[in-house]
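J.: Chain residues, written in single-letter form:
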Amino acid sequence: MIQDLQYVGGSYPVHDVAQKVTGELVYGSDFSVPGMLHAKLILSTIPHGIVTRIDAASAEALPGVVKVFSHENAPMDGFSRARIHPGQDMSFYDETLFSKHVRFVGDRVAAVVATSRATAEAAAALVEVEYEELPAVLTVDQALADGAPAIHEGGNLLYEHEIEKGERPDLAGAVLVTTTASTPRVHHAALEPHVCIAQGHSTGGMTVWTTSQGVYAARTVIAELLGLEYHRVRVMKVPMGGSFGGKTEYIIEPVCAFLAHATRRPVKLLLDREECMIATMVRPATTTTIRTACTLDGELLDFEAATTLDSGGFAASTPDYSVHMCKKVTKLYRVPHYQHQGRAVYTNTPVGGAARGWGAPEMTAATEIHMDRVAAALRLDPVEFRLKNMVEPQDTDLVTGLPLGEARVRECLERGAVAFDWVARRARPAGRGRIRRGVGVAAGAHKNGMFGAFPEASRMGLKMNEDGTFELHASLHEVGCGIVTTMKVIVGEVLGLHPDLIAAGEADTATTPFDYGTYGSRVTYVVGECARVVAERVKERLLAAASDLLQEPVERLVVRDGAVRVRADGERSIAYRDIARLTEMRAVPNIAASTTYYAVSNPAAYSVQFAEVEVDTATGLTAVTDFLAVADVGRAINRGMVEAQYQGGVQMGIGYALYEHLDVDGRGRAGIDGFKNYHIANAPEMPPVRVELIEAGEELGPFGAKSVGEIATVPTAGAVVNAVNNALGTELSDLPLTPEKILAALHREEVPCSSC
Amino acid sequence: MQLVLTVNGMTHEVEARPTARLLDVLRDQLGLTGTKEGCAEGECGACTVIVGGKAVNSCVMLAVQARGKEILTVEGLAKEGELDLLQQKFVEYGAVQCGYCTPGMLMSAKALLMGNAVPSEQDIRIALAGNLCRCTGYSAIVAAVKAASGREAAPLMELPGDAEELAAEVTTDPDTLAAACEVVEAETEDAPAGLCEPGALPGLVDPYDQSQSGIPGETEGGE
Amino acid sequence: MSDVTTTEVLTPSTRDELVAALARATPRTRLLAGGTDLVRALRRPGAEPDLLVDLSGLDELKAVRLDGEMLHVGALTTFTQLQWDPLVREHAACLSLAAAQVGSAQIRNAGTLGGNVANASPCADGVTALTALGAEVTTVDGAGAAKTRPLGEVVLGPNRTSLRHNEAITAFAFPALGPDQRSAFSKIGSRTAVSVARLSCALAVRFDATAAALADVRIALGAVGEAAFRALEVERALEGRPADEETARLFAEGCVAAVQGSIPGRYSLPYKQHAAVGLAYDAWNMLALGAPCEPAWA
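Residue numbers (our numbering), protein chains in the order written: chain A, 608 to 1363; chain B, 112 to 334; chain C, 56 to 353.
Quick caveat, the hints were computed from the structure, so don't treat them as lab data.
It is possible that some hints are incorrect.
[To be verified] Subject to a maximum C-alpha distance of 27 Å in a straight line, what follows is the list of computed DSSO-like cross-link-like pairs (lysine-lysine):
id: 1; chain 1: B; residue 1: Lys-180; chain 2: B; residue 2: Lys-165
id: 2; chain 1: A; residue 1: Lys-707; chain 2: A; residue 2: Lys-674
id: 3; chain 1: A; residue 1: Lys-772; chain 2: A; residue 2: Lys-995
id: 4; chain 1: C; residue 1: Lys-117; chain 2: B; residue 2: Lys-180
id: 5; chain 1: B; residue 1: Lys-165; chain 2: C; residue 2: Lys-117
id: 6; chain 1: A; residue 1: Lys-1283; chain 2: B; residue 2: Lys-165
id: 7; chain 1: A; residue 1: Lys-1283; chain 2: A; residue 2: Lys-1348
id: 8; chain 1: B; residue 1: Lys-180; chain 2: B; residue 2: Lys-190
id: 9; chain 1: B; residue 1: Lys-190; chain 2: B; residue 2: Lys-257
Sequences are here, hints too, so could you generate the full structure?
T.: What follows is the structure in structure tokens.
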């Protein structure tokens, strides 16, 4: 460590941990306001059709029911649940509050508003809906087939893109390998269900409390849909129980706001687990075919990929998601020529959209499975083969043209291989008994914010209070990963003040300055740097004030431990509290600053992960028995939280590799009974997960820090799948590797499919 | 119907539908929203409370079933503002991220420790098998439970200090403060009279002067 | 409030009170044991019962007792109780093992054996174990009449029983396994813990040490077919055989055949017929009659 840091690098609990362990914290789902009504959605029970009749008479006759809303009495303007800025490119306004043309089981048909949740639920069951059914297309292949019914105007091929970078070298004598991998539709499975509360005021304005990952964008959608000026719509972020991308897009906020606006009352829309699974959003299913050419020595010459993404019934963010899948490989590997074709396709299934990693887990699983296949073809060890092709620090990303920065993925791989005892474990025979053991590795990369693809900036204010404590005004969106604490630590480090003496609240469009929100791995790297910069501005003012008060030149002053101190003179210092009071005597409290920070870089963050598995060849069940994640984080702002996020990311990736899949049957129904048969890894399933950090800094990150939350889960599934294939000598690439698929592969049978 | 329920040591009379779940009565009628609803089907464990000494899912238990039994929820763990040891360890070991699973985890862990003071790692994982978490991967939670049963590993987190104590620790030397005060007085036309007198500013006191009452304006004794 | 309901709750605490409550039962009446199945079902609109008979006050239905040769297990014993009860562990190990693998700790603490049987899920682990044990079910109805009949006459198919709306299970009884008998329970779910069974097996044998032969073999398979069933052909195949690897193999093969016969043409058959091998070996090894066996691989 070059710098001597006091707070950065410590391990801090989340800022509201005390309220969380006592149960005091009021989450969105706990939130209520006086006179609040409750809403219940009525969802389509068919995958494709037109609503021909809605009979709400019996429902509305129930005492306590205020009204039933549907396409018949709600605005039918199209909106995009993924749009951030008004007029943003690539926004598909293909969704309406309620659908007349229903496009998947789970599509919103109507909503009941009533005085209690129980009444709303009872009334919803009484609403009669009739449909004219249309033929449904439940898979990408069906959707693209000749004569397939069009789900939206313009057909089912929602979006297509192609990039080609570099020059294809001579491939004579090269080893060519082609693989196809597929990843499933997945439920984010945040423990708190989706919820929104909105209050329509009799003066025509609107207040919204939501667990969204981006309140400003939520406001643009709500305000425009309801024809309200933005200044009359206030959207506030309330505490949320996890998101993982599932609450990035504005799905229930517009509906809830409309209901509140129409009834001029507060309305709470709280979904149940099944509704969360099918009627919000899913991680989209993908299929990726990769073809590479390598020299016999293992040097990559050419990388071509074709990805198809299942968007489900609405476009949401999947076109952008699809585009981003082409930006993953060249962050990781050096290759002279990269070509990528991507498609996003409408189907009559739940809507795909933002999910942790934004296409990286999907693309990385396919890539890393492919890399193992190439290594096998070349008879090279998987780690050795990757090392021959990995990027180096300061390389340029072939696809984006941006510098990759302090890219330490090679080091992750080397150190990880040693720490995991890779060579010895790999040499160990899988065995021929019932239980087969294997190890696998996968490398992953992810971005740090949206620079290069999208405007990327944050805006914040920081002020000192009259007693020497501080307040950060920023639109922070805490999703559980400790970002509020991260900001406090960064500011505290700059100001030489314990983070606990700095307050930082969450986003409120009425009072906190603009920030996009918590997604895109932008928070530590971009928002955090904004916090550092604004803290530096405030520090300048502190020093200037102290310089005057102490009659010392600024160069002789430092901030440390809550006071401005004269260097090398332990006697003379002035506490912030006293600076505050004295400066206040001659001016209003003015030790404050605000700043807009524009990102000008987008390096990559990396993780290399190693898995050991035991596969029971009699039952097909796989146990992950050991796991190591090596993380290139630049610098850990909150060391404990970085490790904690990695452990959670690994849990998600293990489920992705082995058992999570939200399939639909021939009638487009998910057939899932909530968590009863949608399994995520529980405590007995999880192995001990070691996390090792590589902190080599990053020039423009706050104290050299890079973002963590998404990269943590990017290579996990690839590592697990590679380990299973190592254990069994198979070439499985259709995630998740359920017991059915494993036994079918071992017995060389087709896997029967009862669902898509 | 009328129900009498004993929750966290207090007896409550509530009016509830006969088919009301224990979860609904706790949250909606007793205002104890610490217990959460995550799935409504007894799978995720966010609704875990302790009834009659046993951890149960309150979303698949009717309130009528809990009559005559001691009900313990997360709100009943801390005593008079002091966190229960288990809660303390959850904080120390970084076992809390979004926190939504936390009340349920605490109650399952509490029930485990009530019946088994020194559970093995496997005992803990099995006891928590019905509590899903999507943030932590469980290891910090398991470590916290182990620590609460007397087997400490290395706590992950640095605990927040008391902010007021932290703030109070930093003071300015009286001479320095007096000099700074004079700077301000000289620069400010309308400085209040006696700006630089001890007691004029809260905190501007001679720490060795016992006679100081600290009331601004009072200049008796001291500097 | 608009959601006024006329559900009446009765909480009998004696057998007589139970009978009186059952006398008032209609087809819309529900009996509440642990609630882990019923409370979910009650949330469906229109599912409000006219009468809810809360059985939690019937302490006499929570007992486990040995009466000569028979083990009597009250209908309201919870899975946690069954997991730890010394009599169950000694005389009906397969039931104790099955109980230990039902759901999570929270579910085991509330869920009851009677509720498990009355709900009659084809995957019900309790039913599989009771089937191997040859259990009989005692019920009482609103007229006070007690009936005892074999489990197979109570559980008829997926979520179907012969129980009438005014009839409550009070106890289960089966011959207690003696010191020369062993039993085991294995289950295959979608993950190691907290998973509904995709396959389950309860196995009980008498091992005659002098003859070194298996006798009184009982094998129940669950989560395949309409309800748990005894694999009679496999039992016959094992009868009199030594406790060796060949027998283990025959057992596994027999289970595969039994599974194939129970769900012909079902899409899950390819998986289940293979996984049945693992299921069988797990149960066999749990008996600990010799060194652990592994399936042979071609």
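J.: Does each hint hold? Answer for all of them.
T.: Going through the hints against the structure:
1. Lys-180(B) / Lys-165(B): 11 Å, holds
2. Lys-707(A) / Lys-674(A): Status holds; Cα separation ~18 Å.
3. Lys-772(A) / Lys-995(A): Holds - the C-alpha atoms of Lys-995(A) and Lys-772(A) are around 20 Å apart, at most 27 Å.
4. Lys-117(C) / Lys-180(B): With Cα atoms ~16 Å apart, Lys-117(C) and Lys-180(B) stay inside 27 Å; holds.
5. Lys-165(B) / Lys-117(C): 16 Å, holds
6. Lys-1283(A) / Lys-165(B): Roughly 22 Å separates the two Cα atoms, so the pair holds.
7. Lys-1283(A) / Lys-1348(A): With a Cα-Cα distance of about 21 Å, the restraint between Lys-1283(A) and Lys-1348(A) holds, given a limit of 27 Å.
8. Lys-180(B) / Lys-190(B): 20 Å, holds
9. Lys-190(B) / Lys-257(B): 21 Å, holds
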